[in-house]
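Sequence order for the protein chains is W and R.
Read in the numbering used here, the first sequence has 304 at position 304, and its numbers run on one by one without any break.
Read in the numbering used here, the second sequence has 121 at position 121, and its numbers run on one by one without any break.
These aren't lab readings, by the way, just hints derived from the structure by calculation.
Given the structure is predicted, the values throughout are model-derived calculations rather than measurements.
Some hints here could point you the wrong way.
With a straight-line Cα cutoff of 30 angstroms, these simulated DSSO-like cross-link-like pairs (lysine-lysine) come out [as the list claims (entries may be wrong)]:
1) R:LYS138 - W:LYS134
2) R:LYS363 - W:LYS139
3) W:LYS139 - R:LYS260
4) W:LYS139 - R:LYS243
5) W:LYS139 - R:LYS287
6) R:LYS335 - R:LYS215
7) R:LYS290 - W:LYS139
8) R:LYS216 - W:LYS139
9) W:LYS139 - R:LYS215
10) R:LYS243 - W:LYS134
11) R:LYS92 - R:LYS165
12) R:LYS215 - R:LYS280
13) R:LYS316 - R:LYS335
14) R:LYS260 - W:LYS76
Covered stretches of chain R, as calculated for chain W (at least 3 residues, CB under 8 angstroms) [claimed, not checked]:
15) 37 to 45
16) 107 to 119
17) 234 to 243
18) 336 to 350
Idealized CB from N, CA, C, for every residue including glycine.
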Amino acid sequence: MDFSILVSDFWALTIDGLVVGAIIALVSLGYTLVYGVLRLINFAHSEIFMIGTMTCYWVVQRFGFTGYEDPLPLWKFAGLFLLFGFAAAVVSGVAAVILEIVAYRRLRVLGASRLSSLISAIGASFFLVEVFQKISGAKNLDFPRLISKDTLFEFQNAYITQDKLLVIVGAAVIFYILNRVIHHTKLGLGIRAVSQDERASILMGVNVNRIISYTFLLGGVLAGFGSAFYMVFYETTKANVGFLIGISAFTAAVLGGIGNVKGALYGSFALGLFQQYTSAVLGYNWKDVVTFVILVFVLLVKPTGLFGEALQKARV
Amino acid sequence: MKKIISIVSASALAVGLTVAVTPSAFAACGGNPVIYFQGAQTGAYQETGINEANGVILAIDKYNATNPAVKVDYKVIDTQASGTQSPALAKKVVDDECAIGVVGGMYSGETINAMPIYEGGKVPVISPSATNPALSNKSAYFHRVVANDFVQGPELAKIALRVSKRLFIVDDATPYGNGLAKIVASNAPKIVVGSDKVTEGTTNFTSVVAKVKAKKATAVFYGGYYPEAAIFIKALRDNPATKNVKFIAGDGVLDGEFIKLAKKNAEGAYLTAPGQPMAKVAPALEKEYKKKFKREVGLYTLEAYNAAYVFLQGIKAGKTTRESLNTWLADATVKAVGQTISFSSTGDPFKLYMNEYTIKNGKMVWVGSLL
Chain W
1 MDFSILVSDF
11 WALTIDGLVV
21 GAIIALVSLG
31 YTLVYGVLRL
41 INFAHSEIFM
51 IGTMTCYWVV
61 QRFGFTGYED
71 PLPLWKFAGL
81 FLLFGFAAAV
91 VSGVAAVILE
101 IVAYRRLRVL
111 GASRLSSLIS
121 AIGASFFLVE
131 VFQKISGAKN
141 LDFPRLISKD
151 TLFEFQNAYI
161 TQDKLLVIVG
171 AAVIFYILNR
181 VIHHTKLGLG
191 IRAVSQDERA
201 SILMGVNVNR
211 IISYTFLLGG
221 VLAGFGSAFY
231 MVFYETTKAN
241 VGFLIGISAF
251 TAAVLGGIGN
261 VKGALYGSFA
271 LGLFQQYTSA
281 VLGYNWKDVV
291 TFVILVFVLL
301 VKPTGLFGEA
311 LQKARV
Chain R
1 MKKIISIVSA
11 SALAVGLTVA
21 VTPSAFAACG
31 GNPVIYFQGA
41 QTGAYQETGI
51 NEANGVILAI
61 DKYNATNPAV
71 KVDYKVIDTQ
81 ASGTQSPALA
91 KKVVDDECAI
101 GVVGGMYSGE
111 TINAMPIYEG
121 GKVPVISPSA
131 TNPALSNKSA
141 YFHRVVANDF
151 VQGPELAKIA
161 LRVSKRLFIV
171 DDATPYGNGL
181 AKIVASNAPK
191 IVVGSDKVTE
201 GTTNFTSVVA
211 KVKAKKATAV
221 FYGGYYPEAA
231 IFIKALRDNP
241 ATKNVKFIAG
251 DGVLDGEFIK
261 LAKKNAEGAY
271 LTAPGQPMAK
281 VAPALEKEYK
291 KKFKREVGLY
301 TLEAYNAAYV
311 FLQGIKAGKT
321 TRESLNTWLA
331 DATVKAVGQT
341 ISFSSTGDPF
351 KLYMNEYTIK
361 NGKMVWVGSL
371 L
């Protein structure tokens, strides 16, 4: 155990933790939204994220980068980022809707048990990973350096770079928009209504199937934006990239109280920070051990997670 | 009657002998003996695996082109370099009655886990690139054509002592990576300022870089393979405090794919390998390889070629059963390409090589021999 690094590089670890947390949060929200309306853990959601990273990669590939170029000027980067970011959001969103129709809707219509849906989710996840392994050759795909990672300014031993700022600010904007969607639109009202009481929503004239599709779409779009940030920050992807981040995002959602949007957000940032601090103090390979010990502890003490399962009361 | 019996037994003996020395020994399998390659053909580590598999294919094709009495077929088991997948795939080899030997495994972990299965099936194995010392003396059926990490580790430590006074050690917790890291640490204890462990598939190295920075290390040793090493070296170069830290690693990192993934960040890395520079020791074969496969040779292409070559010499000498081939390997001395190969009782080669490489202008460059 070595606390000296935590003390000397606290802010560097914190900034990186926030960046990691922001990316986890964008994935985590997909788990939580779907659980909110369907009471189903969509285990294939991590693959929706993976599809987003692949989309970013393929869009950028079209521009013929070799990876040896200098980073782009800011305005060019902004244009390209918006292009691949929105492409990833659209593709991930559509993929999530297709997933819902193919893997879950039929089971739901037939009144199958939750367990069947869960197995279907895991099957869909394996299917997508294997398909993309074939397509991508199962290799690490290298994303070119598009934005300069030179230090903008130094703060308490932490180097602040453009990519980190982009992830934190970009994610904050998306969280704000999500909050508006959930609380100030008809769609948001529908999502909250279905998550509160599905039968009553039907009686009130809510088209539940449509709301569920939109929820998957929303989760997919968020994961798509998350994948764009991920690619800018980590600059690499592969067919099973979703596995680790999926586990982190799912853990964050459960930690905060699955089904609760606010919980998923706080859970994600807590997890991101916690993983960085644990890595510094105990060693990198301990971070997952400690994370899961805390998760089990939280579930033992407060099974509904830190903020409880309540999408309808959610505040972003 | 006695005469008849002796005629019958003589004929039976003759048939038996014919069976033992001609291709019909493989009547049970209904074809030619098969040399298998064990390694990654897909997945993150496929580059090294394809470079090795091509070496084996080249050796077999060249051998078959000489119209030998016994032709040899080639098959591959794609382990994706995973120690969890290799035992089940090794079982397939054992069950294949035509299988006579295995070139592989490519990495140490997958080889360690597959060896008990091969031993059970009495299949001789020659690895072109598994360097973990735990494999020495592990089985009478295991051989390798490269020096192990008890040779590589101290040489890496010498490089670390040469270029730095403060060394930070990181490994990927695999048998190879962790094993090599321990040997390096024990050979340069005075300069080690800290260590950390990551896992295979790690993409977030920020906390490791923070430690390298906090410990004011001037060099980093990474025990592991190229996919993670590429991400790690990028993360080091991106941080102003660690961008000049020297990067030292073993043969798991020395691969064309490391340069492809790390790009200019890979420049100047200090790398070692028991593999020989093919362009230098076997230029004609290198040319032949490039013409046939339309791609560059990789580290261990030559070693894989030579491992297959050793088997082929055994088959040429009439050793067409697993057991006889394995017995033959114990005493054989084969003059392969750029290397004379004979195995000690531990399965390690008698003649050892260790080379230093670096990356210059996007190319793997041989620096010199370390032994």
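Here is what the structure says about each hint:
| no. | hint | in the structure |
| --- | --- | --- |
| 1 | R:LYS138 - W:LYS134 | violated (36 angstroms) |
| 2 | R:LYS363 - W:LYS139 | holds (20 angstroms) |
| 3 | W:LYS139 - R:LYS260 | holds (12 angstroms) |
| 4 | W:LYS139 - R:LYS243 | holds (26 angstroms) |
| 5 | W:LYS139 - R:LYS287 | holds (27 angstroms) |
| 6 | R:LYS335 - R:LYS215 | violated (49 angstroms) |
| 7 | R:LYS290 - W:LYS139 | holds (22 angstroms) |
| 8 | R:LYS216 - W:LYS139 | violated (34 angstroms) |
| 9 | W:LYS139 - R:LYS215 | violated (33 angstroms) |
| 10 | R:LYS243 - W:LYS134 | violated (36 angstroms) |
| 11 | R:LYS92 - R:LYS165 | violated (50 angstroms) |
| 12 | R:LYS215 - R:LYS280 | violated (40 angstroms) |
| 13 | R:LYS316 - R:LYS335 | holds (14 angstroms) |
| 14 | R:LYS260 - W:LYS76 | holds (25 angstroms) |
| 15 | 37 to 45 | holds (count 3) |
| 16 | 107 to 119 | violated (count 0) |
| 17 | 234 to 243 | holds (count 5) |
| 18 | 336 to 350 | violated (count 0) |
The structure shown violates the earlier hints numbered 1, 6, 8, 9, 10, 11, 12, 16 and 18.
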